[in-house]
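Enquirer: Listed below are the residues making up each chain.
8 protein chains.
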Amino acid sequence: EFAKIDHHRQLRTGFPEVIWGPGKTPEQIAQIMKAMRQHYPVVMATRIESEVAEDLEELVPGLIYYPVARICALKTGTLKINATGIISILTAGTADIPVAEEAAITGELCGFEVKRLWDVGVAGIHRLLSHRHLISHADVLIVVAGMEGALPSVVAGMADCPVIAVPTSIGYGVSFGGVAPLLTMLNSCATGIGVVNIDNGFGAAILAGQILRSAEKLAKKING
Amino acid sequence: EFAKIDHHRQLRTGFPEVIWGPGKTPEQIAQIMKAMRQHYPVVMATRIESEVAEDLEELVPGLIYYPVARICALKTGTLKINATGIISILTAGTADIPVAEEAAITGELCGFEVKRLWDVGVAGIHRLLSHRHLISHADVLIVVAGMEGALPSVVAGMADCPVIAVPTSIGYGVSFGGVAPLLTMLNSCATGIGVVNIDNGFGAAILAGQILRSAEKLAKKING
Amino acid sequence: EFAKIDHHRQLRTGFPEVIWGPGKTPEQIAQIMKAMRQHYPVVMATRIESEVAEDLEELVPGLIYYPVARICALKTGTLKINATGIISILTAGTADIPVAEEAAITGELCGFEVKRLWDVGVAGIHRLLSHRHLISHADVLIVVAGMEGALPSVVAGMADCPVIAVPTSIGYGVSFGGVAPLLTMLNSCATGIGVVNIDNGFGAAILAGQILRSAEKLAKKING
Amino acid sequence: EFAKIDHHRQLRTGFPEVIWGPGKTPEQIAQIMKAMRQHYPVVMATRIESEVAEDLEELVPGLIYYPVARICALKTGTLKINATGIISILTAGTADIPVAEEAAITGELCGFEVKRLWDVGVAGIHRLLSHRHLISHADVLIVVAGMEGALPSVVAGMADCPVIAVPTSIGYGVSFGGVAPLLTMLNSCATGIGVVNIDNGFGAAILAGQILRSAEKLAKKING
Amino acid sequence: EFAKIDHHRQLRTGFPEVIWGPGKTPEQIAQIMKAMRQHYPVVMATRIESEVAEDLEELVPGLIYYPVARICALKTGTLKINATGIISILTAGTADIPVAEEAAITGELCGFEVKRLWDVGVAGIHRLLSHRHLISHADVLIVVAGMEGALPSVVAGMADCPVIAVPTSIGYGVSFGGVAPLLTMLNSCATGIGVVNIDNGFGAAILAGQILRSAEKLAKKING
Amino acid sequence: EFAKIDHHRQLRTGFPEVIWGPGKTPEQIAQIMKAMRQHYPVVMATRIESEVAEDLEELVPGLIYYPVARICALKTGTLKINATGIISILTAGTADIPVAEEAAITGELCGFEVKRLWDVGVAGIHRLLSHRHLISHADVLIVVAGMEGALPSVVAGMADCPVIAVPTSIGYGVSFGGVAPLLTMLNSCATGIGVVNIDNGFGAAILAGQILRSAEKLAKKING
Amino acid sequence: EFAKIDHHRQLRTGFPEVIWGPGKTPEQIAQIMKAMRQHYPVVMATRIESEVAEDLEELVPGLIYYPVARICALKTGTLKINATGIISILTAGTADIPVAEEAAITGELCGFEVKRLWDVGVAGIHRLLSHRHLISHADVLIVVAGMEGALPSVVAGMADCPVIAVPTSIGYGVSFGGVAPLLTMLNSCATGIGVVNIDNGFGAAILAGQILRSAEKLAKKING
Amino acid sequence: EFAKIDHHRQLRTGFPEVIWGPGKTPEQIAQIMKAMRQHYPVVMATRIESEVAEDLEELVPGLIYYPVARICALKTGTLKINATGIISILTAGTADIPVAEEAAITGELCGFEVKRLWDVGVAGIHRLLSHRHLISHADVLIVVAGMEGALPSVVAGMADCPVIAVPTSIGYGVSFGGVAPLLTMLNSCATGIGVVNIDNGFGAAILAGQILRSAEKLAKKING
Ligand SMILES: Nc1ncnc2c1ncn2[C@@H]1O[C@H](COP(=O)(O)O)[C@@H](O)[C@H]1O
Ligand SMILES: Nc1ncnc2c1ncn2[C@@H]1O[C@H](COP(=O)(O)O)[C@@H](O)[C@H]1O
Ligand SMILES: Nc1ncnc2c1ncn2[C@@H]1O[C@H](COP(=O)(O)O)[C@@H](O)[C@H]1O
Ligand SMILES: Nc1ncnc2c1ncn2[C@@H]1O[C@H](COP(=O)(O)O)[C@@H](O)[C@H]1O
Ligand SMILES: [Mg+2]
Ligand SMILES: [Mg+2]
Ligand SMILES: [Mg+2]
Ligand SMILES: [Mg+2]
Ligand SMILES: [Mg+2]
Ligand SMILES: [Mg+2]
Ligand SMILES: [Mg+2]
Ligand SMILES: [Mg+2]
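Protein chains in written order, with the working numbering: chain F, 31 to 254; chain R, 31 to 254; chain E, 31 to 254; chain B, 31 to 254; chain X, 31 to 254; chain H, 31 to 254; chain A, 31 to 254; chain Z, 31 to 254.
Where hints are given, some of them may not hold.
As the list claims (entries may be wrong) - Here are the computed distance ranges between Cβ atoms for each label pair:
id : chain 1 : residue 1 : chain 2 : residue 2 : range
1  : R       : E79       : F       : Q61       : 29 to 35 Å
2  : R       : E143      : E       : S80       : 58 to 64 Å
3  : X       : K105      : Z       : E79       : 27 to 33 Å
4  : Z       : L159      : H       : L164      : 16 to 22 Å
5  : Z       : L159      : F       : E79       : 56 to 62 Å
6  : R       : L159      : F       : H161      : 43 to 49 Å
7  : F       : K110      : H       : R67       : 49 to 55 Å
Calculated directly from the structure, the hints in this document are not laboratory data.
Glycine included, each C-beta is placed from N, C-alpha and C at the ideal position.
Kindly generate the complete structure, drawing on both the sequences and the hints.
Expert: Take a look at the structure:
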């Protein structure tokens, strides 16, 4: 048996398992999606290139493909994530959008409201400052940046909520496929930043969701 | 003027500026602490080695030193952080405790309740499993590990809340001063993990606090 | 002469030379296989992509190709490896299967019995714990993992036998093509682990075989 | 509580937990050793510098210190490791001896017979060839080498048993504190080699011991 | 002869040779300074630790030591640098001041006017914005930053002149002794930035000076 | 909205925003170019491969493509850069020309005069020395080199103006895609060198232009 | 002018300039070859892939292509290299042959006699020892090895002449494209080894030739 | 026995074994020196810090210490190296002299004549050009350089003999302890260069000696 699906993951952690596409054949992905559809109203696979998506669309009826986010989904209902609050997502540049969309679509498929603000990098800081209100009133922020990855430092210095920093592989030369912005984010002199792997929009969205779920649980405790 | 203290930081981000010790003379640290004490009921400096702390104790009356956490503090009241919820902190080994204590003391100085669980690394997984309840009922988790840094992956697979992973420089050979556990944490196949810099217990605590504050704000909205 | 076949290797080390495919033309591989078939009942070549295998099938009559393992073999009898005992192989994820199959097929071609347990990574630790018996009763374990590569640490803490850890190049971003799980395995806080190169399923199988052969020789001495 | 001793480790894995010295205070090490002495006839701590050993000798009566191996031990009996066979240890140079002694003393404290062969590096290959018999008749080999770390490749090509390769931090310039010999060993064109972390003599000995224990178990199975 | 002083350097490049201290004995430095004093009104040596400076003060009468900048100088007149314009220097934090002072003192010893603006890092962006006028009216800017090194990107997006970025070794963990801010600066999405080696305040000042000298030459051309 | 064009950049920094091609679809690039053409007499996009340029030529009437420099431009007038002076560009080898042309075309599109001197690398130092006059009379120099990248060191030792060093990805083996010449340039023992990212001809040209603009502004002050 | 051919190089250094293919268009290579053919009886270009060679064969009549060595040459006579002695070339494996052939063809085109010994790697050390005579009587040795690159250490311990070590990019995982064998060779505990860049067969041959030319010059001096 | 002295090394390779000091106790070094003195007229140990040398001077009567080169020697006669010819050694800077002296003293102790030319780095290229005659008439050249390590490229373009390049750990920031100049030397666009490990003056001298010995042997053949 090539896969042991972790059917209890949502029970334990709030979110169901999500299929990671690379290194799996379309047949394997299709088989896992079909098995999971028995248990979950929403089933997702990430990192699906368009050719693989075409194969999957034939194997899995009802499949939806999000080409910019490179996500495939089966949706027969809504996940009961038990959370309120909005996930706000920023990018430094236009080229960072696919990673940000991976986060956005993941968030939306999990049932969250998502706000998008693209291309507000620090080279023209007024672009960011003119959205100061969005930042200082956010519930949780995902900040996506390639090249030198300086955006999360500036945002975290303005934000009154947790910031999830996502380095992207956008850049060249000594960006080293995203290592440079990753280091920038880990070394940030601003606080309140949690970092995820390069291009890991998916992981950022789940962490953001996990943060918003905390609120719901706390609300219940406070409320008694 | 060698320092421009950011007196609005708590207003903007919920937490006041904290002094980073290395590269500053004791005189500079003392002067900044004294200036900040005018504005804040709690003033902190991190990464203070014991010799520096001795100098500081002479320069700054009323200073408290936490030797394991290497933190100095001036405490004349309590920070108004506006959050409830508990920060639970785990370490993989005994040698990771100083970094975990940096997180714990930071959290406590900011007004949070902190739970400590030391030496539950994955080589004897039963040690972790026997604290399953603590993990699955936590509000937010900080997981501190050196060497191979595998603990956050296992914990995040069991936890129903955000996990903050802190790699430590504990190890030798190809641990590369903490780079190995950092990579482990960034590459985790578990989700809901935000990573901070090597040995950055302080940053982990602020991020945990930020998560609890965000939850609190939302919980208030939910509860009306 | 482009190759000096080491015909004494089985005499010296217990295992015959195995052909490493990359950087050789199909003609060179075919010629070496034919030369070796004179001396050995089983001849193997590893890292053979499917196109090369097609060329080889024309050049070498009787060739068998294992596409997942990317191994070609000529089999006219059985190798006299002088060992009993079983090689148990685990993977963390589905995408690690090709490397694990390289190990499994190598082991089987050498005459060993192989047990396979796929997709028991640490993010859902119960999957692993439910096979606790297999692990604690194994003769020798090969543990194959990509991404953060944490599985061998957990397994070695449960196993009463040597563990061979194989990092895979499965992952992205800071997995650096398998360097991250390699570091994890070398830094393991668990003991009894020997590590091989990234994606080196073949080498893991030979080391496992060597361990079982050594045991066999000693067992004979013990049993008189 | 700063340490959760894993008292079941010998039951699960054959070997008791061993204390890793760095990052622990002498008081912590002493307290753990005393706690473990209740359960085990042999208690070990590794990576103990001579000044720490002096402190420990005062805190823990009966302590033995091995200065070259940097190991402290309490010995009130013999570990029941259930293994026969000899661990043979080679070094490439004189400067590699401390790491090799860490392996040797660990092996001896666990109850194994150890053979030592120092300074047989490949620059004078006749030194190695003149001990061909020791190599080809070994039960398990530990090969310790710094600088370019070529010795395990040559030894594994001559040996009829598993080879455990230990890179050392001996060298300068681009030896990068042992990374160069580590890479050499992982890339070896010889087979049957398992690699451990830089300077990890201790880990090599436990793996060697684990291999020899396999034999004992197998002997029992074969014998019925 | 241990040194071949390049007495023509000022003729060729506008600036005389400056002695790099590390790796030279105090006697060697003293001898070179004395030889150069015959030809130049200002002689400088950089990277002089305080103990070396004490030795030098005995060997070279009239020596001035700048302890924060770690520069020693002999000054019997003024260098004819033929330049006007001001060098404005910014730091991100207090701990970056020594590198910035190396630049400032170098600039002043060469005869330039220097403006200093310390501790205006991006985590509190208002600190920078409140000095917007200084930045947008500068002739040439040197921006000194450690940790994530984001300051030059923001400054270059506001400045109407060349920006020289100097990464510092201030930081910890994955700042890698200044490599992280160096990468940030080289990958900047802002333009008009030239980068120098980590902690190279000296080099930044000479480059700034070279830029201001260009103006002087151009002025002469334009003026006819 | 996928792009927030920074229409004030020329006002703030002297140069308008330039579109970075990679990671954008041709449609996105076309739309940005058309929007910018309303405001600027010259609009540029860099890193445009020939296939993308073909698409763009259909989408954007009047587009000019420079295939060696990989730049697309729309030109309806001249940028008011307010600078005189010449940008002199050198390459070490023939293979470095595309990067140098990126600099040259950028400079020319911005309105500067550009001098080109190709293939004067240090292995035949007489080639460089025979152009000594060009170097010692330059206003600003851009030096482009791959492989070992030694040329800027030699040039800066001969030049009476700022030197901008551009490492290229030309080379193999341990050139590491341009990291080796980058390190060479950052470690230069010559002074007056500012370094830009690998293959960043564009950035070098803007920095050169910024230097000449600064000079122009000062020259005006000097000349009254 | 895209190339400044260094027509004096043979006068200065004994060997004419050789064209490095990558990054040049076929037209550029052809033009340089034709220009050089006026001055030299042998003109060479290295790193020429077969498709480029096909283009060149049309552009340059009389061109010879060596496909394994990837060298193109024009040969109208013999170079006057003024050297005797033989270049002996060894490889560790079959896959290293292309790099070794680059060295061999370069040597032969320069007029040297070349001896080839392929596939004598250290995993079967008897293969090497059986050619002990060739090694101990060589004039100069080129040793080509990938993977762990241990061969030069063993050879240099047996040889009475200079050894030139050439790492190759043959390998996988942590061979890092040849960095691992490069480090091995630089860290060798054997002496008398000079190392060249990864896959640099050409450079090794020129260095070998330079060594043999020394002999000729010395012979003349000795002889008076 | 802690050392197996390779008494045949001079027979096989022309040079006796030399003791590498680091990682050996003074007692071990003394014992090896005394054992070797029975067989060789000259015995050397390298990398001996002054405190170790003081210990050795007491243990080994007649010992000579070269403090700059950090070499200890016992000299009761002359080595029969069978070579004429001169080793010419250049350094780029004053701080590189200790490494160059390691080469020089090694060469002289082996019986070679050595020419020294210090501080002729490329930032003032006229210093090098004024010694053009020494370079173009050398028998073999050792070029020692730290920082950017550009000197060997320029020298090899002027020299009519083999060039041995020695990177030094002199530098800071991204010189990475000598890795930067090492890369420069390996990537050199000049030919005829063999590279040794960082700071390996000793190895450079033996390679130079090996080159001169090879020449001598060939010269004898040529001269009949
Ligand atoms: N884009 C992604 N990045 C990181 N992890 C992912 C991604 N998509 C899915 N995963 C995780 O990968 C695991 C599934 O791996 P597998 O068993 O190989 O399908 C689950 O634990 C998911 O949470
Ligand atoms: N020298 C050593 N190298 C690597 N691991 C060790 C060493 N000594 C002890 N250990 C392991 O370190 C763990 C103990 O860590 P700690 O809980 O910090 O004492 C145990 O799992 C030991 O097996
Ligand atoms: N070839 C290039 N290299 C580096 N930066 C560039 C290049 N071309 C454009 N840019 C910069 O990239 C930014 C535009 O990025 P984007 O918003 O993604 O178009 C601008 O700030 C430009 O100054
Ligand atoms: N400074 C040095 N750098 C590199 N190798 C050296 C040096 N000094 C001695 N050696 C070599 O190190 C080996 C001796 O190592 P050992 O057996 O540890 O004394 C001999 O093969 C010498 O050729
Ligand atoms: Mg943009
Ligand atoms: Mg423990
Ligand atoms: Mg799975
Ligand atoms: Mg030795
Ligand atoms: Mg500050
Ligand atoms: Mg050229
Ligand atoms: Mg072979
Ligand atoms: Mg000098």
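Enquirer: Are the hints correct? Go through all of them and say.
Expert: Status of the hints after comparison with the structure:
no.	hint	in the structure
1	R/E79 <-> F/Q61: 29 to 35 Å	violated (57 Å)
2	R/E143 <-> E/S80: 58 to 64 Å	holds (59 Å)
3	X/K105 <-> Z/E79: 27 to 33 Å	violated (38 Å)
4	Z/L159 <-> H/L164: 16 to 22 Å	holds (18 Å)
5	Z/L159 <-> F/E79: 56 to 62 Å	holds (57 Å)
6	R/L159 <-> F/H161: 43 to 49 Å	holds (46 Å)
7	F/K110 <-> H/R67: 49 to 55 Å	holds (51 Å)
Consistency with the previously given hints fails for numbers 1, 3, ordered from lowest to highest.
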